Every structure is written in structure tokens, then in C-alpha cells.
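The residues making up each chain are set out below.
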Amino acid sequence: MRPILLAGHERALTQIKYNPDGDLIFSVSKDQQICVWFAHNGERLGTYRGHQGAIWTIDVDPTSTILASGSADNTIRLWDIKTGKCLKAWDFPTAVKRVEFNEDGTQLLGVTEKRMGHLGTIVVLDVKIDVEAEQSDEKALTIVCDESKATVAGWSYLSKYIIAGHEDGSISQYDGKTGDLIYNIPIHELNQPITDLQWSQDRSYFITASKDKTAKLISAKDLEVLKNYPSDTPLNSATITPKKDFVILGGGQAAMDVTTTAARQGKFEARFYHKIFEDEIGRVRGHFGPLNTVAADPTGKGYASGGEDGYVRVHAFDKGYYDFMYEVERERQNRLAAAANA
Amino acid sequence: MATQAKHDWADDEELEEPTTTTTTTTELPPPQKIQNKDGTWTIIEYRLNDLGQKVKATRRIRYVVRREVVNPRVAERKTWAKFGDSANDGPGPAHDTTTVGENIIFRPSVNWRREAKDEANDPNAQAMKDKLKDKKVKCRICNGEHFTARCPYKDTMAPIGEAAAGGDVAAGMGDDMAAAAAASVGAAGAGKKGSYVPPAMRSGAGGAQGERMGGKYGERDDLATLRVTNVSEMAEEQELRDMFERFGRVTRVFLAKDRDTGMAKGFAFISFADRDDAVKACDKMDGFGFRHLILRVEFAKKAT
Numbered sequence: 001m002r003p004i005l006l007a008g009h010e011r012a013l014t015q016i017k018y019n020p021d022g023d024l025i026f027s028v029s030k031d032q033q034i035c036v037w038f039a040h041n042g043e044r045l046g047t048y049r050g051h052q053g054a055i056w057t058i059d060v061d062p063t064s065t066i067l068a069s070g071s072a073d074n075t076i077r078l079w080d081i082k083t084g085k086c087l088k089a090w091d092f093p094t095a096v097k098r099v100e101f102n103e104d105g106t107q108l109l110g111v112t113e114k115r116m117g118h119l120g121t122i123v124v125l126d127v128k129i130d131v132e133a134e135q136s137d138e139k140a141l142t143i144v145c146d147e148s149k150a151t152v153a154g155w156s157y158l159s160k161y162i163i164a165g166h167e168d169g170s171i172s173q174y175d176g177k178t179g180d181l182i183y184n185i186p187i188h189e190l191n192q193p194i195t196d197l198q199w200s201q202d203r204s205y206f207i208t209a210s211k212d213k214t215a216k217l218i219s220a221k222d223l224e225v226l227k228n229y230p231s232d233t234p235l236n237s238a239t240i241t242p243k244k245d246f247v248i249l250g251g252g253q254a255a256m257d258v259t260t261t262a263a264r265q266g267k268f269e270a271r272f273y274h275k276i277f278e279d280e281i282g283r284v285r286g287h288f289g290p291l292n293t294v295a296a297d298p299t300g301k302g303y304a305s306g307g308e309d310g311y312v313r314v315h316a317f318d319k320g321y322y323d324f325m326y327e328v329e330r331e332r333q334n335r336l337a338a339a340a341n342a
Numbered sequence: 001m002a003t004q005a006k007h008d009w010a011d012d013e014e015l016e017e018p019t020t021t022t023t024t025t026t027e028l029p030p031p032q033k034i035q036n037k038d039g040t041w042t043i044i045e046y047r048l049n050d051l052g053q054k055v056k057a058t059r060r061i062r063y064v065v066r067r068e069v070v071n072p073r074v075a076e077r078k079t080w081a082k083f084g085d086s087a088n089d090g091p092g093p094a095h096d097t098t099t100v101g102e103n104i105i106f107r108p109s110v111n112w113r114r115e116a117k118d119e120a121n122d123p124n125a126q127a128m129k130d131k132l133k134d135k136k137v138k139c140r141i142c143n144g145e146h147f148t149a150r151c152p153y154k155d156t157m158a159p160i161g162e163a164a165a166g167g168d169v170a171a172g173m174g175d176d177m178a179a180a181a182a183a184s185v186g187a188a189g190a191g192k193k194g195s196y197v198p199p200a201m202r203s204g205a206g207g208a209q210g211e212r213m214g215g216k217y218g219e220r221d222d223l224a225t226l227r228v229t230n231v232s233e234m235a236e237e238q239e240l241r242d243m244f245e246r247f248g249r250v251t252r253v254f255l256a257k258d259r260d261t262g263m264a265k266g267f268a269f270i271s272f273a274d275r276d277d278a279v280k281a282c283d284k285m286d287g288f289g290f291r292h293l294i295l296r297v298e299f300a301k302k303a304t
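First to last, the protein sequences are chains A and B.
Quick note: the first sequence, position 92, residue 92 per the working numbering, numbers continuous.
Quick note: the second sequence, position 140, residue 140 per the working numbering, numbers continuous.
It should be emphasised that the hints constitute simulated quantities derived from the structure, not laboratory data.
In this text the structure is predicted, and so the values were computed from the model without any measurement.
You may find that some hints are simply not true.
List time: in silico EDC-like cross-link candidates among lysine to aspartate or glutamate, alpha-carbon distance up to 20 angstroms [claimed, not checked]: (1) LYS319(A) to GLU102(B); (2) LYS319(A) to ASP258(B); (3) LYS319(A) to ASP260(B); (4) LYS85(A) to ASP89(B); (5) LYS30(A) to GLU10(A); (6) LYS114(A) to GLU167(A); (7) LYS160(A) to ASP232(A).
With the hints as constraints, model all of the structure from the sequences given.
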């Protein structure tokens, strides 16, 4: 496969998101700029200007109308995807590290940083998916994380729970309506922050990546660890591929240590694991720095990775990827085909 | 016009001289587009470079029309006007933001680690380097700390202990030589390290098991491999695999393809895990109608 290199950012990438149809890619970086690209050929559709600080996070609503971004300038902003216009800005006392729309796009959650005497919080905002509509200023809900600050968070199926990953390696489950803490379970190693949390397509389970060099597949309902993917490097991001049962992990040595290591030793590769069998099945090279974010195309045709080197690499899978099956999978498929014919 | 019509590359070379020396306003020949026999196109374009020289660029490309049905929302988004920093970009990817990277071979595989072993050898090389790091360079002529070739006495003095057939070099090889002598009496010429030893005499092999060519292919079991000929041009490896898997576990399918067009060349090799399955498959599949052709299946002959 020949990856498409997108060079729209001047600093390290922080997050990449596909829209649900898989035709647009949104990328944000520390250079205060949001870019949107066509996934099929890497053409840049536009940029969204307005943030005054590094942008940490981005999310797109289910209808691909409105974009939400969270930045180190202490704001969450909403944007009109089509025109690039800023529709709304909410101010917070500290930086915003993560935003995510719920499944039906009616609410937006934001994770704010713990800093300057302020505790880390998870805020929920009511959002109207309409470019013309007036957005409300009030927060629908505020969850304060007084033990360990949240680094990532997301909405489970039907917006039933809010799941948050913490700096101390634990995962909490909050009620999506009231914000009450239901569970807090230490899942990753103590004091190894959770760096990413991405959902399966039906949002019944999710994958977490952590600095403790593992990624874990966890069910949303009872926070049970379903699968564990150990690697040999601190992880920054993990995603689940649709169509094929794989997961993609991205990581690498922290940026500050990179200059002392060769590219090969830095382990700047996207790692593919089989979701069920937990085996590593391959790696994809390319970045000159750690991978900060990976995102899978919702149509299952490819994935994109963003690195500390400022590049986004968009990969379209080729035939070998689709053909790959374990021997048991192949036998099962043959058996089913035989049964269908009989 | 008539001269341009029968332009070829040799003429062009001649033309190059005067154009560069005179002016940059010379007419550029019109771009040519020639269809090749194998369905590819050759596009020849001329342009002037920064120095005013005429540059001829020949590209060989193949058009592949890929129709894709997308949902109307996606189609509508493709017509959106560009905005922000991209507002002034023309249609299609802009060169300053979008480039195509080098080809990456990504083949998921269960024994991925084993295949990556080659790279794991690198640390060994590194270890060797580390080991040699604190060895000092020593001249064989004057024992100084420089290479023998750089020795100031190179032309005037003979190496130390040359007559005694030793010096530190040979001394270091002492054990090696003893072992070699013990192992292979036949290797008469191998007495002196570094001298040429024919492959057949190396490491006491007696010439029986020389290194075979072709590396990893040498180990393949040809006994359970079938050669399939008269395969349709449109065939896919997966189809063949499906057809032959009915008879037993297929370990390898190789379908020869044309490098340029991607069409099958008309023959394939199928390896089975078990020879009995291969015999069965050979029996059953010889004369089998696949696509519009009748397959011919036989056991592959060992490559000699």
C-alpha cells in the first residue's frame, strides 16, 4: 500500500478523527490549526481558524454537520464543517483535553485539565446539531474528579454511561444522566496514565491505550477486561478496526527521549494485533517520531496515523489485509460455506 | 510540423545544444501521448527548467477506472467549496500539503515475528562491533597504532616475523588452524587462513552438501507441489486456493502474474501439506473446466 502523506500541520499531531461515513478526516495538532481532508485522495478541504492555543482534541457529530474541538486556550469550540465558521465557544478555567459527542449528537462531553488550583472535571454540554441554532451557555452536568484527573472520556451505548480513563491508570464508569460514579477500577498499572480510549462501532466495548505499554479491550457495562495486548513501548493511541477483527496500536518513546535513539529502536510503528487471539500480526513503518494518534476508517478500508513528526499518514489496506485469516477462521468459513451449499 | 512528427529522442539531443545557447523562447514540441500494446500510455512532455534548458519528461502510466458507489451525503460533500487556508487551492490535492509516500509492504501474518528475524540479526552485528571497539589497530610492520597500509616504513621494511610465518596475526589463528587441520585433512589448501578454499572443500563437508542456490526455496517440499497450466488470465490466487483446498491443506499458492498488467500468465503452483492430497487433487483437477479453459494439472518437476 502507498500511504498518502498529509503535511498540513507544523507541529505534533494530537488527534485524528474520521467522520462516520469515512470520507472526511479531521486532524488537530499543537499548531492551533484544524484541518479537514478528503480520505480518498488526501485533498485538503479546508482549515478552521480561531483557537489561540494547542488543540488537544476533536470530534465530529454523527451527521457530519458540526465539529467540536478542545484546546489549551481553555475553550471548547463548535464549527460549521462545511464553511469553517466558528459557531460557539465555551470558556473553561483550564485546558480541554478531550471532547466527544454522544451517539445521537445531542450532548457533548469535555474533559478539563487539573491545574492552577482547579480540579480536573468532565463537563457535559447540550448541543443542537444545527448550524443556525443558538447553543446554550449552561453546562448540563459537571463531574469533578477529585482523586485522579481524567485524561480521556467517552459515551457508551445509548449515552448510558460516561467512561473515563484516569492519570493513575484506573477507569471509571459514571451514570450518563446523573453523573454519579458507579465504578472505579484500577485496570492499567498504577500511575501509568491512560492515553486513549476509542469505541467499538456499537459502543458496547472500548479499547484503552496506556503508558504502561499495554492496550486493553474493556466492556462498557461492567468494565470487565476482555482482551489484553502487550507491546514493548509506551502507547499513545489504540483503535479497533471495523470489518476485520484487528486492533491498531500506536506509540513510541516519548518525544523528549527520541533524539538519542535510532528510528528503528524508537519503535515508531503502527502495530496490528488480532482482536480475538491477541497476537501481534504485523507492523507498519513510516513515521519519524512517536505515533500520537491512530484512527480507523469506519468503512474498514484503511486507517490514518498522526505522529510527533507533524505528518498524517493515510493508509488504504490492500488485498493481503483482507485475505488474512487464521487457519481456524478459514476452516470455519469453509465449513459454513459447505453447510450453506448443502 | 513535418519535422516534429518524426521527432525521436536522437534528434532531440541534437536540438538541445542550440536552444540552450540562444534563447529560452524556442517553441516546445507539443506533448505526445502514445498508447502502448499492453494497455499503458506513454506521455512525453517538454518544459523549460530554471536554466532555460529544454527538459523532456517521459512518463509511462496506466489508467485504471475504478467506479465506486458512495452514498449521496458523501457525494454532496465532494462538491463543497474549499475554505480556510485551502480556499485558493485548485481542484484535486494540492502539492504542498498532500504527497504520496513510498510503497509499504504490509502483510499480516501469524508468524510475523519469525519473518522479522533478519532485522533481529542487526543487534548481533552491533555486538560484534562493540567487541571490536576496544581492540587497537596495530601495524604489522612497526607495531605502531595505525593500519599497515599507512605505515611510514611500508616500503622499506618487511613485516615483523614474516619469515616465521606468524606474527600476531597467525598467533591469533592458532586454535582455528589446529581445529581445521584436524577436521579436514582433505582440505590441503586450507592450511593458511584467508587463502581461497573452493566451496566443495569448505568446513569438511566433503563436497557433498554445498550451499544450494535459491536460499529459502531450496527447502520447499516439491513432492507435494502441483503445476497447473492453462489457467485463465483473470484467475485470482484465492480462487485457486478455494478450488484446491477441497482436497486437503494447501500450504502455498503461487499464481504467475504479469508485472505490468497484473493479469495472470496462465500457470500456477499449488503446494499441499500432504502428498496424498496432492495426488488426489492432481487426479481430480486435471481436465477440470475453470472459467473458459480446461486446466492441466501435473506434478511440478524439480527445478534443476
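message = Tell me if the straight-line CA distance from LYS319(A) to GLU102(B) falls inside 20 angstroms.
response = 18 angstroms, holds
query = Taking 20 angstroms as the top limit, are the C-alpha atoms of LYS319(A) and ASP258(B) close enough?
reply = Holds. LYS319(A) to ASP258(B) sits at ~17 angstroms (cutoff 20 angstroms).
ask   = Between LYS30(A) and GLU10(A), does the CA-CA distance stay at or below 20 angstroms?
value = OK: LYS30(A) and GLU10(A) at ~8 angstroms, within 20 angstroms.
ask   = Between LYS85(A) and ASP89(B), is the straight-line Cα distance small enough, at 20 angstroms or below?
value = Holds - the C-alpha atoms of ASP89(B) and LYS85(A) are around 18 angstroms apart, at most 20 angstroms.
request  = Would you check the hint for LYS319(A) and ASP260(B), treating anything up to 20 angstroms between C-alpha atoms as holding?
outcome  = This hinted pair holds, its Cα atoms lying about 17 angstroms apart.
ask   = Under the criterion that the straight-line Cα-Cα distance not exceed 20 angstroms, is the pair LYS114(A), GLU167(A) satisfied?
value = 11 angstroms, holds
task = Assess, step by step, whether the Cα of LYS160(A) is no farther than 20 angstroms from the Cα of ASP232(A), and give holds or violated.
result = Between LYS160(A) and ASP232(A) the Cα gap is close to 35 angstroms, so the pair fails against 20 angstroms, i.e. violated.
When each numbered hint is compared with the structure, a violation occurs for hint 7 only.
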